[in-house]
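If you read the sequences in order, they're chains A and B. Under the numbering used here, the letters of the first sequence match residues 3 to 324, in that order. Under the numbering used here, the letters of the second sequence match residues 3 to 324, in that order.
Warning: the hint list may mix true and false statements.
Pairs involving identical chains hold if they fit within one copy or between any two copies, as the list cannot separate such chains.
Said to hold, decoys possible - Think about it this way: if two alpha-carbon atoms lie no more than 25 Å apart in a straight line, the pair counts; the simulated DSS-like pairs of lysine-lysine are:
id	residue 1	residue 2
1	Lys4	Lys232
2	Lys118	Lys4
3	Lys266	Lys40
4	Lys33	Lys257
5	Lys260	Lys118
6	Lys116	Lys260
7	Lys324	Lys266
8	Lys127	Lys321
9	Lys116	Lys257
10	Lys33	Lys260
11	Lys232	Lys123
12	Lys40	Lys321
13	Lys324	Lys118
14	Lys123	Lys260
FYI, nobody ran anything at the bench for these hints, they're computed from the structure.
Number of protein chains: 2
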Amino acid sequence: MKTVNVGLLGMGTVGTGTYKILEMNASRISKSAGVNIKITKVLDKNFARAYELGLTDETLTTDPDDVLHNPDIDIVVEAIGGIEPATTFMLDAMNHSKHVVTPNKAAVAASYDKLKATAEKNNVKFLFEAAVGGAIPVLNAITTVLQGNEFVEILGILNGTTNYILTQMGEFGLDYDDVLRDAQAKGFAEADPTADVEGIDVANKLCLLMALAFDEYVKPDEIPTMGISKIEKDDLALAARQDCKIKLIARATKKGDKLIYGVKPEFIPLTHPLASVDNEFNAIYLTGNAAGELMFYGKGAGSVPTGSAVVGDIMQIAKTLK
Amino acid sequence: MKTVNVGLLGMGTVGTGTYKILEMNASRISKSAGVNIKITKVLDKNFARAYELGLTDETLTTDPDDVLHNPDIDIVVEAIGGIEPATTFMLDAMNHSKHVVTPNKAAVAASYDKLKATAEKNNVKFLFEAAVGGAIPVLNAITTVLQGNEFVEILGILNGTTNYILTQMGEFGLDYDDVLRDAQAKGFAEADPTADVEGIDVANKLCLLMALAFDEYVKPDEIPTMGISKIEKDDLALAARQDCKIKLIARATKKGDKLIYGVKPEFIPLTHPLASVDNEFNAIYLTGNAAGELMFYGKGAGSVPTGSAVVGDIMQIAKTLK
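Extracted from the complex, chain A is given alone in its bound form (with noise of 0.2 Å):
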């Protein structure tokens, strides 16, 4: 069986996840994807994750250049995070002939003009299904089996974070302060919370499933944002006295030709299937004019969850290099 290899860009949250599924479940990827799927290098700065797993020095480099221009290598998986260098090595592996699958949704919605048009050119695949909803195959249902429909709304909830503390608000009528902290000292909102809570996270997400599912790209800091670090527990007593619950919406509405789009906290009504998306799941509620109303639910972030949305892009073009 041939053997497909895979270059690793940052062995952080996601990397070891891609990491650990690819190990876990080798003997049904291979037979699935009728190819063995080896990840063959991994860039670090810092190699003690991947010492942890069982990775040997001959794998590890601290120069991108071993994985970007390694003639050996297949597919680049871009799991650094943040926009840059992770856009620069992603054109540069991708104009390298190099196949991109990344989770990274801030580089992708800050350039994905530019990301396309490079994987075009060369004639590479793109996928960044772990980018929007973590383990939730909503981007490949957008681009697969929906593709014959005219989109007519897409809802989302797109943020574990701040649908946790949302929820959590709610259902113990805490404060926002508090429930932060709580969610910080778990491990489930970041040191820095700022991306999350104001909405900003939301809204490189809504980008992506705007251009896929509307054909429009729209840059996210002109997506209006408002996030939940102004929503009080009594905002979420008034929503509970109207049968509703608060969450932070992802919102795409075409009107005619034209498209609405933001990102804010909505009052959404308990009968909707959106309001029983409780804590750190997510779920994006889609109507296209043949489908109707679709929802899709589970975990949108995490390790091993969002690696499994990594590791299923990364079959898909594995399978096209039987």
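Chain A is already provided as a structure; the job is to place chain B on it using the hints.
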């Protein structure tokens, strides 16, 4: 732009939906697939419905060979329903090098191994996304984005008729017979509802989910199956007192190397995401060893929603014929 020619067997509910979507979304479909997709031959016994849609005699035929052996046709959509002659037609089309798409769960479940082997032998694609969950893109998710997972469990509400009946009985405290008669009058249930209410339709769908997710083909008549015709309104009241709803659940669970499966009415706690799937909606709740818990929710039946999945399959094949 190249034209991909589709032959349609049967202008019934799903055939009509498929035709309508290809017409109404034609420009999006050509743009996304990179080819024009045209239904060039339609087989039916009676042309009344086809004439209503504007089709002319040039396109219509009563002779299956005009589709199955037609050298100009690339993809055959089998939308006749039932096991025969649908199965013979699909095999014949594959043996004449045509790709096959079908929403026909009964036929695919009854002869999955033979249909799959015949498609492989002839190197043609065989897709049946619409056969499970109508518009819900679950089969494609299992075979693409989620293919790196070992599946742990699948639960499904896979039949809109029975879910509608159970929802109405529970919400309004009605008797089974009264709701069934009402559903028949409204067109939500067939004159002979046996395949729906006795769980046979659900067993066919579970068979297909298991074949793809667990790589185990269990013939539908070997799946322990119990329907809803013995459910009384008192059962629903008892469930409600226990904070549950009764749902007709298809379930497959991996215990070690063994797959446990069956179809039967179950008490589902109100806190479970499947409990909020009411009336004609369907949902599939999956657990993968990497992705964790995922739910897919949407319209499991209907002309245009089911047609949406057929068109998605046609487009995926058409893209490879550019």
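To see whether the hints hold, each was checked on the structure:
no., hint, in the structure
1, Lys4 with Lys232, "neither (55 Å within a copy, 54 Å between copies)"
2, Lys118 with Lys4, "between (28 Å within a copy, 24 Å between copies)"
3, Lys266 with Lys40, "neither (42 Å within a copy, 42 Å between copies)"
4, Lys33 with Lys257, "between (46 Å within a copy, 21 Å between copies)"
5, Lys260 with Lys118, "within (23 Å within a copy, 44 Å between copies)"
6, Lys116 with Lys260, "within (24 Å within a copy, 48 Å between copies)"
7, Lys324 with Lys266, "neither (45 Å within a copy, 42 Å between copies)"
8, Lys127 with Lys321, "both (12 Å within a copy, 15 Å between copies)"
9, Lys116 with Lys257, "neither (28 Å within a copy, 47 Å between copies)"
10, Lys33 with Lys260, "between (45 Å within a copy, 19 Å between copies)"
11, Lys232 with Lys123, "neither (45 Å within a copy, 62 Å between copies)"
12, Lys40 with Lys321, "within (14 Å within a copy, 29 Å between copies)"
13, Lys324 with Lys118, "both (24 Å within a copy, 20 Å between copies)"
14, Lys123 with Lys260, "neither (30 Å within a copy, 48 Å between copies)"
When the structure is compared with the earlier hints, violations turn up for hints 1, 3, 7, 9, 11, 14 and for no others.
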